[in-house]
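Just so you know, the protein sequences line up as chains A and B, in that order. Read in my numbering, the first sequence has 253 at position 253, and its numbers run on one by one without any break. Read in my numbering, the second sequence has 1191 at position 191, and its numbers run on one by one without any break.
Do not rely on the hints blindly, as some may be mistaken.
[Claimed, not checked] In silico EDC-like cross-links for lysine to aspartate or glutamate, where the CA-CA straight-line distance does not exceed 16 Å: (1) K74/A - E9/A; (2) K316/A - E1281/B; (3) K451/A - D1325/B; (4) K1056/B - E359/A; (5) K316/A - D273/A; (6) K428/A - E1281/B; (7) K330/A - E9/A; (8) K89/A - E33/A; (9) K428/A - D201/A; (10) K1310/B - D1065/B; (11) K1084/B - D1325/B; (12) K438/A - E408/A.
Hints listed in this document are in silico derivations from the structure and should not be mistaken for laboratory results.
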Amino acid sequence: MENLASTFEYAPAPESRSVVDIAPSYGLFIDGEFAEAADGKVFKSVSPATEEVLAEVAQAGQADVDRAVKAARKAFEKWSALPGAERAKYLFRIARIIQERSRELAVLETLDNGKPIKETRDADLPLVAAHFFYYAGWADKLGHAGFGPNPQPLGVAGQVIPWNFPLLMLAWKIAPALATGNTVVLKPAETTPLSALFFADICRQAGLPKGVVNILPGYGDTGAALTAHPDVNKVAFTGSTAVGKEIARTLAGTDKKLTLELGGKGANIVFDDAPIDQAVEGIVTGIFFNQGQVCCAGSRLLVQESIQEELLDSLKRRLSTLRLGDPLDKNTDIGAINSAEQLARITALAETGEAEGAERWSAPCELPTSGYWFAPTLFTNVTQAHTVARDEIFGPVLSVLTFRTPEEAVAKANNTQYGLSAGIWTEKGSRILAVANKLRAGVVWANTFNKFDPTSPFGGYKESGFGREGGRHGLEAYLDV
Amino acid sequence: MPTTTPPPGKAALTGTPLADVTASAATLRRFLHGLPGVDAVGLEARAASLGTRSIKTTAKAYAIDLAISMIDLTTLEGADTAGKVRALGAKAVHPDPTDRTTPRTAAVCVYPDMVATAKEAVAGSDVKVASVATAFPAGRAALGVKLADVRDAVAAGADEIDMVIDRGAFLAGDYMKVYEEIVAVKEASAQARLKVIFETGELSTYDNIRRASWIGMLAGADFIKTSTGKVGVNATPANTLLMLEAVRDFRAQTGVQVGVKPAGGIRTTKDAVKFLVLVNETAGADWLDNHWFRFGASSLLNDLLMQRQKLATGRYSGPDYVTVD
Chain A
1 MENLASTFEY APAPESRSVV DIAPSYGLFI DGEFAEAADG KVFKSVSPAT EEVLAEVAQA
61 GQADVDRAVK AARKAFEKWS ALPGAERAKY LFRIARIIQE RSRELAVLET LDNGKPIKET
121 RDADLPLVAA HFFYYAGWAD KLGHAGFGPN PQPLGVAGQV IPWNFPLLML AWKIAPALAT
181 GNTVVLKPAE TTPLSALFFA DICRQAGLPK GVVNILPGYG DTGAALTAHP DVNKVAFTGS
241 TAVGKEIART LAGTDKKLTL ELGGKGANIV FDDAPIDQAV EGIVTGIFFN QGQVCCAGSR
301 LLVQESIQEE LLDSLKRRLS TLRLGDPLDK NTDIGAINSA EQLARITALA ETGEAEGAER
361 WSAPCELPTS GYWFAPTLFT NVTQAHTVAR DEIFGPVLSV LTFRTPEEAV AKANNTQYGL
421 SAGIWTEKGS RILAVANKLR AGVVWANTFN KFDPTSPFGG YKESGFGREG GRHGLEAYLD
481 V
Chain B
1001 MPTTTPPPGK AALTGTPLAD VTASAATLRR FLHGLPGVDA VGLEARAASL GTRSIKTTAK
1061 AYAIDLAISM IDLTTLEGAD TAGKVRALGA KAVHPDPTDR TTPRTAAVCV YPDMVATAKE
1121 AVAGSDVKVA SVATAFPAGR AALGVKLADV RDAVAAGADE IDMVIDRGAF LAGDYMKVYE
1181 EIVAVKEASA QARLKVIFET GELSTYDNIR RASWIGMLAG ADFIKTSTGK VGVNATPANT
1241 LLMLEAVRDF RAQTGVQVGV KPAGGIRTTK DAVKFLVLVN ETAGADWLDN HWFRFGASSL
1301 LNDLLMQRQK LATGRYSGPD YVTVD
């Protein structure tokens, strides 16, 4: 044959940055207008892949929270009185605009969050639009949702979202709130405020009445001020269990309705009769999707001892093909860690794993010199007693444990303070049903992992939180029932 | 059909964990049914996800040349004539008459009675002549007839034999019959490399395709091949990905490397590049060579040539700037 190079090197295939126009500075979005913070405070949002400053963003303080809640309260009267079909029109319009602007939003999200464009393009953005479409459909059918003939909204919802899926978490919060007739004040995470501010622009583009959606970028104190605000009727929080507990304490004794979606330490259980090649893909998706910065990540691999060696060989071979690097490159599988702080946390927990005697293996890949990066890593020889088997790492670190029998698998899977997600891999349908029934986790995937759909409720057991988002169940959190 | 001398495939497996798998119909069946199952949704999702790789500029140029060099340029029609086969041979040797740096195709693939003509047409080049045989495409003939078909093609100078398996026997669960037939054909093929066609569209399930792949490899196939191109569903990214996993696993267990040939339905450069990505990220770089991976195709070549010209000149030329054969 012709003398061809012996390796197939993929040339860089970067998505164009020019599809998104990031302004040098952004204000708070209150009552349909962008405004500076009352005390003039700002903070910077950086790209975690390059540490480049993307924009300066106004930082909301107590006075801004007051103003935003007031605007939302004022808007609530008319918004909640609209017929459901009218509210649906706005939501459908927002969904369509998101689809139209999805390339721009995907690039923006990748820049601000560090996750690969492949994910923002193929997972985040399609799910965001789907979520708005789905809840738009419910807006005029609330009387048929199983919460009485004419369920009423709660009022003003104070919502605080995390940085791992900035726009998707916004959609999970805002779509059901608006569909049910509530108005919202939402605080995006301090490391990823930009897509929420672009969403504010989309609200204006859709002609959404002023004050129905208010966006207040800021740090934890902004979130605390919002959730504690006396005129907020409903608090929805997605984030760490520690902050969730703090919010629960703040809200104790008030009549505010609360839903919390917190941490997780999901077990991905692989039985000896599993479809091995697909299980390997599911393990990869389970823990390396979004660099493992996923609350429902399958961060504990529970593998039947009889196939441990075979499975780990396959897994390591597969991990060696992961492409880590420029998140804007369409061929990148693993992007950057969201912040220096998160990278430090992951690094510290991985060091604890080594110190406690677990065996560390990292995929052989070169890490870029600037930005925040962590190579896909797995720990073997892990037992239930290891920190890496108990604490949520929220990074690309997989702990591998073994089991001998289905009973042991279930016992180990449930032996955690969390209960958000779990996966079962077996070709035996009866085993899937039997094991799923015994797992105390809000979502149990069978022969797949990290599959999301707006029609499916999502939420946790135990310290993973309470309340459900998504599906018909997701309406309940925003209705006075 | 028991053989007196150990079949080439079997000899290679001596001393490996697979040595006794084909000792009896029962052991073979137990082995095949003990292979890990295939989750269809997961397999197709993985194939689709690899299909989103973005292959540009230098990578695309590499992939196009590699794909051209991997084509088994095929004509398998009742209407085939010596003239048609000569034209195909000339095209295989010089795919693009305006650019002699264009790689040759790996082979031309014809019916057995056209092998001699094809050999003449590619004489002096390293283009191989592959012949379908064994009562292609249905394979519904007595074993003696199939073997005569093979010997005839080999005698006429075929470098490679593309056989079809007995899908009826496979679907009836008679795996040993399928195995022994491949062993017999392998023997009749002598020095010619043997490609074993499963007709995946007729096997229908991915579990069946995985089992057929292992039967073929155990029996000494040099290549496992998806399809004849004569049924509704031919090569797909998913069934090819599955077969690439099979050859990867087989080499890991035995040290024996087996090639893969998707055939039928691959018509565009974009498709071909997706298959090469599957090879690269599943079986690995060792298979990125026309000794180990082939495309069974005809119209694919012209699309690759047009894309090659586009990369070289920066503009699309059009179908009149490649030869119609």
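How the hints compare with the structure:
1. K74/A - E9/A: 58 Å, violated
2. K316/A - E1281/B: 13 Å, holds
3. K451/A - D1325/B: 48 Å, violated
4. K1056/B - E359/A: With a Cα-Cα distance of about 39 Å, the restraint between K1056/B and E359/A is violated, given a limit of 16 Å.
5. K316/A - D273/A: With Cα atoms ~20 Å apart, K316/A and D273/A exceed 16 Å; violated.
6. K428/A - E1281/B: 29 Å, violated
7. K330/A - E9/A: The hint holds at about 14 Å.
8. K89/A - E33/A: 22 Å, violated
9. K428/A - D201/A: 49 Å, violated
10. K1310/B - D1065/B: 13 Å, holds
11. K1084/B - D1325/B: Between K1084/B and D1325/B the Cα gap is close to 7 Å, so the pair holds against 16 Å.
12. K438/A - E408/A: With Cα atoms ~12 Å apart, K438/A and E408/A stay inside 16 Å; holds.
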